[in-house]
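Enquirer: Based on these hints, arrange chain B on the given structure of chain A.
There are 2 protein chains.
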Amino acid sequence: MKKLLAVLAVAFPIGAQAALVDDVRNWRAGHEAEIVARLSELTRLRSVAADPEGLTNTANRLLALLKERGFAAQLLPAAGAPPVVFAELKAPGAKRTVTFYAHYDGQPVTPSEWHSEPFTPTMRPGKMESGKGDARGIDMKTAKPPFDPEWRLFGRAAGDDKSSIAAFLAAFDALKAAGRAPSVNIKVVWEGEEERGSAHLEAVLRGNRALLASDLWLIGDGPMHQSRTPTLYFGARGSMGLEAVIYGPLSALHDGHYGNWVPNPAAMAAEFITALRDSEGGIAIPGFSSDVRPLTAAETQAIAELPPVEAALKQEFGIGRSEGAAGLTASTMRPAINVRGFRAGQVGAQAANAIPTEAAVSFDFRLVPGQTPANVRKKVEDYIKAKGWTVVTADPDAAMRAAHGRIVKLAWGGGYAALRSDMDSPAAKAVIASAGRAAGTKLALLPMMGGSVPINMFEDVFHVPIIGLPIANHDNNQHAADENLRLANLWAGIEVYAGLMADLNW
Amino acid sequence: MKKLLAVLAVAFPIGAQAALVDDVRNWRAGHEAEIVARLSELTRLRSVAADPEGLTNTANRLLALLKERGFAAQLLPAAGAPPVVFAELKAPGAKRTVTFYAHYDGQPVTPSEWHSEPFTPTMRPGKMESGKGDARGIDMKTAKPPFDPEWRLFGRAAGDDKSSIAAFLAAFDALKAAGRAPSVNIKVVWEGEEERGSAHLEAVLRGNRALLASDLWLIGDGPMHQSRTPTLYFGARGSMGLEAVIYGPLSALHDGHYGNWVPNPAAMAAEFITALRDSEGGIAIPGFSSDVRPLTAAETQAIAELPPVEAALKQEFGIGRSEGAAGLTASTMRPAINVRGFRAGQVGAQAANAIPTEAAVSFDFRLVPGQTPANVRKKVEDYIKAKGWTVVTADPDAAMRAAHGRIVKLAWGGGYAALRSDMDSPAAKAVIASAGRAAGTKLALLPMMGGSVPINMFEDVFHVPIIGLPIANHDNNQHAADENLRLANLWAGIEVYAGLMADLNW
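Same order as they appear, the protein sequences are chains A and B. For what it's worth, this note's numbering labels the leading residue of the first sequence as 1, then goes sequentially. For what it's worth, this note's numbering labels the leading residue of the second sequence as 507, then goes sequentially.
The shape of chain A in the complex, shown without the other chains (with noise of 0.2 Å):
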């Protein structure tokens, strides 16, 4: 019986949670100009690794944000690495104090690749595959609310990461204007170094650890399940970065002259990645998904009940077929080895008939519950021996490299481990309840995302429920050029940002 009426209550909402999700949507209709303004401010902010003052730019306009809201807000120093911001905010009478986690950095640009600029924040109807989008974009000087909910604002991190710091603040201020209060205690933590693999955060969190306590992480990070449906993770694949360097002959040789005697690094590196893994993804390397942890019937159930999109996809993609058959969700529930780029020489009206000196591989894996970076790393390199290889760590010089037939310099980013946590726990339970009502439908449940954040990290030091609460498009072009993010999601996320926030017990 009383399953039965937590079955009802998320059917049918009850009064007071219908008068929340009215609140906030109407205060939304009336505050467009400014939420898409206060995402504009954060996407101008040049928060990449490759510029400090942008990150440390970034860190502290948050803290302002967070003051003016009256959190409790201080930069947590992190060595070597851009601070993380925390801000605290008591809810009188509250038993439970949740952490909203997301990350205000965003990955590389390569300007070139993009229609605008990437830190020029540019709306437009569509996507620009969709020939509805032009460079110019709309003039947001002149554009009436409300707003068309497919439009979708473009710029390096406007959907990953900071439209959830965005929906977080949005959320936050329909709640005030509307004179309700949170119903639990509210911490947040914004990172600053997630797309580097965040390798300085776990030592700001142990050295916090009084400060961070909580009975609960949500991930403000990842993209929405491609149905469109409104979706929680309760785990992320692990990620590590490899660069691999591949050596041929020490200057460039004419590849007639030396062509088929002298190796050549180019294809000496297609080699290299075709020995890692098959045309299905599958990775070649012995034993190597031994320690893989097996899915629970739980989770297995959660996958079969997604919506299908694989067909979908296919078209939206452009691609005519998929690596393995399992669809998309169950494939990346595998650990994977992807090439994230190489260089050799040169192509098209560039090429020159010679033999290239090196060659360079950028590989991005994606670890699953079972694995570590170290056991990952240890596994890849003892198999590259045994292919053959000589690895190194530096630049090897003439004589070592007219010593040695094989010689790749591996650089591995630190990386962090997956984690899939429990479905069934009494917050994630709770969770499920206050966001299914926030969205007024059957949410999607991913038991672990394909995309990695660093929540194996909050689960270790903090040992509570991490549950993901992404927000953006799927096809938000994250990672990529003409990253974007779809205003149907941003006000959608400022909904179920204020059921959380509001209307959460346990």
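Treat the hints with care, since some could be wrong.
Unchecked claim - When the alpha-carbon atoms are kept at most 30 Å apart in a straight line, the in silico DSBU-like pairs for lysine-lysine are as follows:
#1 A:K314 with B:K893
#2 A:K387 with B:K820
#3 B:K893 with A:K387
#4 A:K176 with A:K67
#5 A:K144 with A:K176
#6 B:K948 with B:K682
#7 A:K90 with A:K141
#8 A:K409 with B:K820
#9 A:K409 with A:K429
#10 B:K601 with B:K935
#11 A:K95 with A:K429
#12 A:K176 with A:K90
#13 B:K935 with B:K948
#14 B:K647 with B:K573
#15 A:K442 with A:K409
#16 A:K95 with A:K67
#17 A:K314 with B:K573
#18 B:K682 with A:K314
#19 A:K409 with A:K387
#20 A:K385 with A:K176
#21 B:K820 with A:K385
Just so you know, the hints here were simulated from the structure itself, not pulled from any lab data.
Expert: For chain B alone, kept in the frame of chain A given last:
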């Protein structure tokens, strides 16, 4: 007996020939600054495909230089390509006519990879890699001859192939100064499109067949044997370029959320490369070599007599292995698929965790006798298709990309076939004897050069012997950054050129 006398004539230069070599050497010793200034002047002219004006200026300058020397010279227009510089000088009483071929265009440049600007000729005491060279170079305004013959002049096309032109001009001037008449009628064909495959040259040859008629072509191109022994070659591999583009998703996708479900075009490109060639440079296409004409016993013998260079070259090039175990010259008798470069996504600090939208690979095929560009192309395409690729020649649209699992866009360069001509023809024997007298040593005789010059075309059109006369040092960084010419090679080249102008008869 006749054969013995011929051998003695090579081994013990006759008086007149010794006097000729002395005359040329003495003239060169007195004119080193002038010879270097000439090569510098030519190197300064930006004769690369990206600079049509530079090509035109070079052709005009060469025309003037030949006219100054009493040649009947003209530019032969080539529709869609730089003009061919043609010149002719009749020698009283000569019964043979020899055409001296060279090319005045250079490979494309990537200035950022050079230690000095590619078209600013820079003299250095040795190779950059030797530690002897600095970026600034030797001040030639104050340097006094005799110059150290180990000095090198750096600049695009200084070695490939303006050194041949400079040697021709200096040899001619030396003979004139010594009052020595040529023993053959001389024709000059200097083209400007060799580095792009000489696609328009054959039409010029066929359109001017009578004007260009001769008894022998001497191909002034390519590097001397690595032993630094004066060299003749009797053929060259053919060449054909191929630019391949392999497609991933329409826009770059987060490789955590989509990696190992959405196909990765960089990984596909690696598979594409390894499907074509193995790690020993062997070509994996079944039947690819079925057309290949085997070496004759004489050709095999000539290769066996070459000074061994492999161990020294491995040290010089800093390579710990070779592709295949057959030795350098034997290896380059095979057909080859070289990778000139590849590009996808980004590497290093700019690498983003994204699946790239496409990957580009630049290939360079080297053909051997028996193969034609058309049959190589067909075999490659048939094989690729059998491997499941859809081959296109224009960018596929979104619908096509969604309909095919593996799409590759192929853009073939024109290309040309290989040639190995008869090492035992009367003309070949006369050239071997004359060059041997001028060089004063046993020559390195290569049945076929690994690099390509379009000499099959001369054979096709004129049906006369074709012999290669390379003078550039093998370590001239031909086709790469820091291309250079070693002065000792230029000095030796002048002597051999003079011998072949004034001491060649059959």
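Enquirer: Each hint should be assessed against the structure and marked as holding or not.
Expert: Results of checking the hints against the structure:
Our distance criterion of 30 Å between C-alpha atoms is met by A:K314 and B:K893, whose separation comes to about 22 Å. Between A:K387 and B:K820 the alpha-carbon distance is near 22 Å, which keeps this suggested pair within the 30 Å criterion. For the suggested pair B:K893 and A:K387, the alpha carbons sit about 25 Å apart, so the restraint of at most 30 Å is met. For the hint linking A:K176 to A:K67, the alpha-carbon distance of about 14 Å falls within 30 Å, and the restraint holds.
For the hint linking A:K144 to A:K176, the alpha-carbon distance of about 25 Å falls within 30 Å, and the restraint holds. The suggested pairing of B:K948 with B:K682 holds, with an alpha-carbon distance near 28 Å, which does not exceed 30 Å. With a C-alpha separation of about 38 Å, the suggested pair A:K90 and A:K141 falls outside the 30 Å cut-off, and the hint is violated. Between A:K409 and B:K820 the alpha-carbon distance is near 20 Å, which keeps this suggested pair within the 30 Å criterion.
Using a Cα cut-off of 30 Å, the hinted pair A:K409 and A:K429 is violated, with the two alpha carbons roughly 47 Å apart. Between B:K601 and B:K935 the alpha-carbon distance is near 17 Å, which keeps this suggested pair within the 30 Å criterion. Restraint check for A:K95 and A:K429: satisfied, since their Cα atoms lie roughly 17 Å apart, inside the 30 Å limit. Taken as a hint, the A:K176 and A:K90 pair is honoured in the structure, with Cα atoms around 14 Å apart against an allowance of 30 Å.
Straight-line distance between C-alpha atoms of B:K935 and B:K948 comes to about 14 Å, which keeps the hinted pair within the 30 Å bound. With a CA separation close to 28 Å, the supplied pair B:K647 and B:K573 stays within the 30 Å bound. At most 30 Å may separate the alpha-carbon atoms for a hinted pair to count; A:K442 and A:K409 exceed this at roughly 49 Å. For the hint pairing A:K95 with A:K67, the CA-to-CA distance comes to about 23 Å; that is within 30 Å, so the pair holds.
Straight-line distance between C-alpha atoms of A:K314 and B:K573 comes to about 66 Å, which puts the hinted pair past the 30 Å bound. Restraint check for B:K682 and A:K314: the C-alpha separation of about 74 Å exceeds 30 Å, so the hint is violated. A distance of roughly 15 Å separates the Cα atoms of A:K409 and A:K387; the hinted pair therefore holds under the 30 Å criterion. Restraint check: the Cα-Cα separation between A:K385 and A:K176 comes to about 61 Å, which exceeds 30 Å; the hinted pair is violated.
Straight-line distance between C-alpha atoms of B:K820 and A:K385 comes to about 22 Å, which keeps the hinted pair within the 30 Å bound.
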